[in-house]
Amino acid sequence: MNRRVLNKFSLGLALLAFTASFEAKALTLDWAGYFRADHTFFHNYQLDLSAPGYSNSGHGGEYIPGQGQKSATFSSFFMRLKPRVLVNDNVIVRSEWNVGDPIAGFFGRGIPRHDRNNSFSTGKDDLTLSVSRLWLDVHTDFGTLQVGRAPMHWGLGVIFNSGDGTFDRYQSTSDTIRLISKFGYLSLMPLYAKNSMGSNLAGARNPLTNVVLQGSDDVTDYGLGLKYENPEEDLEAGALYYKRNATDAQDAYYFPSGATVFAGGNNGMNLKMFDLYAKKSWNRFELGAEVPIYTGLIGDVNGVGSRNTYRATGVAVESALKYDTWKHSLKLGSAPGQAPATTGSRGSSFTALQFHRSYKLGQILFNYNLSNFGAANPDAIPVSQGTATSPTSYSPNTVSPYDAAITNAKYIMFSSEKRWEQWGLNFGLVWAQANETAQAGKDFYNHRTRTWFTSTTTQDSNMGFEFDLGTRYNWDENISFGADLGLFFPGPFFKYTNTNLHSGPADRATALSFTAATVF
Numbered sequence: 000m001n002r003r004v005l006n007k008f009s010l011g012l013a014l015l016a017f018t019a020s021f022e023a024k025a026l027t028l029d030w031a032g033y034f035r036a037d038h039t040f041f042h043n044y045q046l047d048l049s050a051p052g053y054s055n056s057g058h059g060g061e062y063i064p065g066q067g068q069k070s071a072t073f074s075s076f077f078m079r080l081k082p083r084v085l086v087n088d089n090v091i092v093r094s095e096w097n098v099g100d101p102i103a104g105f106f107g108r109g110i111p112r113h114d115r116n117n118s119f120s121t122g123k124d125d126l127t128l129s130v131s132r133l134w135l136d137v138h139t140d141f142g143t144l145q146v147g148r149a150p151m152h153w154g155l156g157v158i159f160n161s162g163d164g165t166f167d168r169y170q171s172t173s174d175t176i177r178l179i180s181k182f183g184y185l186s187l188m189p190l191y192a193k194n195s196m197g198s199n200l201a202g203a204r205n206p207l208t209n210v211v212l213q214g215s216d217d218v219t220d221y222g223l224g225l226k227y228e229n230p231e232e233d234l235e236a237g238a239l240y241y242k243r244n245a246t247d248a249q250d251a252y253y254f255p256s257g258a259t260v261f262a263g264g265n266n267g268m269n270l271k272m273f274d275l276y277a278k279k280s281w282n283r284f285e286l287g288a289e290v291p292i293y294t295g296l297i298g299d300v301n302g303v304g305s306r307n308t309y310r311a312t313g314v315a316v317e318s319a320l321k322y323d324t325w326k327h328s329l330k331l332g333s334a335p336g337q338a339p340a341t342t343g344s345r346g347s348s349f350t351a352l353q354f355h356r357s358y359k360l361g362q363i364l365f366n367y368n369l370s371n372f373g374a375a376n377p378d379a380i381p382v383s384q385g386t387a388t389s390p391t392s393y394s395p396n397t398v399s400p401y402d403a404a405i406t407n408a409k410y411i412m413f414s415s416e417k418r419w420e421q422w423g424l425n426f427g428l429v430w431a432q433a434n435e436t437a438q439a440g441k442d443f444y445n446h447r448t449r450t451w452f453t454s455t456t457t458q459d460s461n462m463g464f465e466f467d468l469g470t471r472y473n474w475d476e477n478i479s480f481g482a483d484l485g486l487f488f489p490g491p492f493f494k495y496t497n498t499n500l501h502s503g504p505a506d507r508a509t510a511l512s513f514t515a516a517t518v519f
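Residues in the sequence shown are numbered from 0 upward in steps of one, following numbering that gives the first Met the number 0.
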């Protein structure tokens, strides 16, 4: 989830709610939320492709650690508050507040500002309290009107995922006006939304200085959703039409070559998506599927001097078999990638699709971006000595080890879960294969680093498999503890470094996580 400054639209909504509080005789304030803590030890995140200190920068390899470390340990605390004001029977003001960063949390975060001569100094900046969502629910005779910075979720959460899970680190959120009208089992949802691309793909925010570049940085979304929900038959299905427009009148940055490139023009979008999904439950068996279909134009990712045509179709299928204390699940799907192209003639077609980062499989393969295990410090730090007084000398170009998603892959996952009164045990197996691989003598798009490079060798498509084992203990209905072990056995796909220096297979990676959470 991106942390954003409240715009005039959301600020006006806040003032409206504040004014309403004075006019009302009595208001009810409800609180909900959660606090989470996690500690992770990761061994061999470089997959033993080289000796410590090896850097593959500029060669287009899958992982570019270059930090000389094969193991990493990181911890975080995080709290999310969800207060809501019940103005009356028809009006509710909802909000979500973050204490700390939703991705990195807080645990030792913050640069000490005082007592620099004390080796055990503990002074830090204040914790960040930010408003991530603020919206108004108005219940009318013709439906529920939602206005403000609100969550967006659709289907299985493959594209739009509200990220409401306790350990979800990314969310779909929009400044929106939408109406949800119900007609029996059918509901209709027209929507209008404004989004800033920021430092995302085709965004107009400089990733080094965090300054908005020349242009409007303006993105407009339109959508219409149709949903059928029949609780008596345990059947749900929906179709969403979603359109995004963005002008070319802004400078933006892309990744069309080995280095980040800033460019003006040909950076807008005229993108359409049809997202179809269905879910059905029987006595013990449930089945669901989601199929997002993209068409239209996006910015010049290929670096050819014009907007790129974008066509991509993904598919995700989920099934589960439930017994009294057992649940067996099967997930499979495919997210397309970008095919190799003749050097100097990439063309204007782009086809890679990335699922939402909160739609997860397993613990390692699609959960961690191993190339971001290097300088992953979310605190603003001076770029160089002698420039600490200038705000632009601080680099907010934060990398996240969690910035990973299902992309350029077909996958299958089987998992089982056993529950007792307070204890739980689960295990899972994941296997994946790349849809597109690098070919010798051609340009290829690295889907993890989001850069183009020229390959000198051919890459295998087998990504390997992963084994996960976890346990949970519920202290009571609000407090839980967990421990999870992940073993990733990478396939030949991950031994590729675009050189002939390493021909042996990549070795196993191990992740061990301990978690605790309280929900209130």
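Incorrect hints may appear among the rest.
To be verified - In silico DSSO-like links for lysine-lysine, alpha-carbon gap of 30 angstroms or less:
#1 K417 / K326
#2 K279 / K226
#3 K409 / K278
#4 K69 / K321
#5 K271 / K409
#6 K278 / K417
#7 K271 / K321
#8 K279 / K441
#9 K226 / K278
#10 K271 / K326
#11 K69 / K181
To be verified - Distance windows between CB atoms, simulated:
#12 L126 / I478: 20 to 26 angstroms
#13 L424 / T308: 27 to 33 angstroms
#14 T308 / W419: 51 to 57 angstroms
#15 S280 / T342: 28 to 34 angstroms
#16 D163 / V316: 18 to 24 angstroms
#17 W419 / L144: 40 to 46 angstroms
#18 L424 / L275: 33 to 39 angstroms
#19 H42 / F426: 16 to 22 angstroms
#20 R83 / H38: 28 to 34 angstroms
#21 S344 / I478: 30 to 36 angstroms
No lab work stands behind these hints: they were computed from the structure. All residues carry an ideal CB built from backbone N, CA and C; glycine is no exception.
Problem set entry | Pair hint K279 and K226, alpha-carbon separation not exceeding 30 angstroms | Measuring from Cα to Cα gives roughly 14 angstroms; hence the hint holds.
Exercise. CA of K279 to CA of K441, is that 30 angstroms or under?
Worked result: violated, 45 angstroms
For this session: Take a look at whether the Cβ-Cβ distance between L424 and L275 falls inside 33 to 39 angstroms.
Result: Holds, since L424 and L275 (Cβ atoms, about 35 angstroms apart) stay within the stated range.
For this session: With respect to the beta-carbon atoms only, verify the hint that D163 and V316 lie 18 to 24 angstroms apart.
Result: With Cβ atoms ~22 angstroms apart, the hint holds.
Exercise. Would you say the C-beta atoms of L424 and T308 sit inside 27 to 33 angstroms of each other?
Worked result: Hint violated: Cβ distance 48 angstroms, outside 27 to 33 angstroms.
Exercise. Do L126 and I478 keep their Cβ atoms within the hinted range of 20 to 26 angstroms?
Worked result: holds, 22 angstroms
Problem set entry | S344 versus I478 beta-carbon gap, inside 30 to 36 angstroms or not | At 59 angstroms between Cβs, range violated.
Problem set entry | Given pair status - K321, K69, alpha carbons within 30 angstroms | With a Cα-Cα distance of about 40 angstroms, the restraint between K69 and K321 is violated, given a limit of 30 angstroms.
Exercise. S280 and T342, beta-carbon distance inside 28 to 34 angstroms?
Worked result: Hint violated: Cβ distance 51 angstroms, outside 28 to 34 angstroms.
Problem set entry | Pairwise hint evaluation, K417 against K278, where the allowed Cα distance is 30 angstroms at most | Given pair K278, K417 holds - Cα atoms ~23 angstroms apart, limit 30 angstroms.
Exercise. Under the criterion that the straight-line Cα-Cα distance not exceed 30 angstroms, is the pair K271, K326 satisfied?
Worked result: Judged against 30 angstroms, a Cα distance of about 37 angstroms means the pair is violated.
For this session: Compare the distance between the alpha carbons of K271 and K321 with 30 angstroms, and conclude whether the hinted pair is satisfied.
Result: violated, 37 angstroms
In this structure, the earlier hints numbered 4, 7, 8, 10, 11, 13, 15 and 21 are contradicted, and the remaining ones agree with it.
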